[in-house]
Amino acid sequence: MAVDTLDIKILNLMMNNARISWKELGNELGLSAPAAAERVHQLQKAGIIESFTANVSAESMGLHVIAFIAVNIDLPHHRTGFLESIKILEEVQECHHIAGDDDYLLKIRCRDNKHIDFVVNDVLKGIPGVIRTRTTIVLSTAKETIRIPLKLEETNNPQSSGSHNSRES
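So that you can map any letter, position 148 of the sequence shown is 148 in my numbering, and since no number is skipped, the others follow by simple counting.
Since no wrong hints were added, every one of them can be taken at face value.
Listed below are the simulated DSSO-like cross-link pairs for lysine-lysine, each with C-alpha atoms no more than 27 Å apart in a straight line:
#  : residue 1 : residue 2
1  : Lys9      : Lys23
2  : Lys143    : Lys87
3  : Lys107    : Lys125
4  : Lys107    : Lys143
5  : Lys151    : Lys45
6  : Lys87     : Lys107
7  : Lys114    : Lys87
8  : Lys87     : Lys45
9  : Lys9      : Lys151
10 : Lys23     : Lys151
11 : Lys114    : Lys143
12 : Lys143    : Lys9
13 : Lys125    : Lys87
14 : Lys23     : Lys45
15 : Lys9      : Lys45
16 : Lys114    : Lys125
Here are the simulated distance ranges between beta carbons:
#  : residue 1 : residue 2 : range
17 : Gly81     : Lys151    : 32 to 42 Å
18 : Glu59     : Asn121    : 18 to 28 Å
19 : Asn27     : Asp117    : 43 to 53 Å
20 : Ser21     : Asp101    : 46 to 56 Å
21 : Gly126    : Leu6      : 49 to 59 Å
22 : Glu28     : Leu75     : 48 to 58 Å
23 : His78     : Gly100    : 16 to 26 Å
24 : Asn121    : Gly81     : 14 to 24 Å
25 : Ala35     : Arg79     : 40 to 50 Å
26 : Ser32     : Ile131    : 51 to 61 Å
27 : Ile88     : Ile131    : 13 to 23 Å
These are computed hints drawn from the structure, not numbers from a lab. From a predicted model like this one, the values you see are computed outputs, not experimental measurements. For each residue, glycine too, the CB sits at the ideal point set by N, CA and C.
Can you make the complete structure from the sequences, with help from the hints?
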C-alpha cells in the first residue's frame, strides 16, 4: 500500500489520540466520518496500524525503576532459547540484538532495585548461554515515546534519510 499525505495525517492524529472519533478525524482531514473510518481500516489491513492499545502509567502501577541490561551470549546456538525466555518475561519491555561488545540490549521495568536484582541474577543469568550482563539504572527520563517520526517525503523515499545517490558530471 502506498502511503499518501492523508495517511500520514491520519497516523499522526491517531498517534496523538487513538480514541479520536471518526467524525473528529474526518473533520481534521476534510472527509466524512465513514471515509475516515475506511482509510483507517485500509491502514490496518495493510499492517501499517498494528494495534490500538492503552498507554498505562508504569509509575502508577508501582513499576518505579527502569534499567537497561546489556547481555552477552556465549554461543550462537543459545540465541533461540534466550529469545524464547525473554519473550515471556513481563519485566522486559524491549529486546534488541545489537552490534558492538554486547549481543543484546534489554529495557526492563521493575518495582525497585531488589526486583531488578532478582530479574538479573536469578532469571537472566539462569538462562543457558548467558555469560555476562551489565546493568544501567535510569535515574530520570527526559523523553520516552511510542510515536514514530512521520513525514511523507521520508516514507515514500528511502534515500531521503541521508544516503543520497548523486551523479557526478
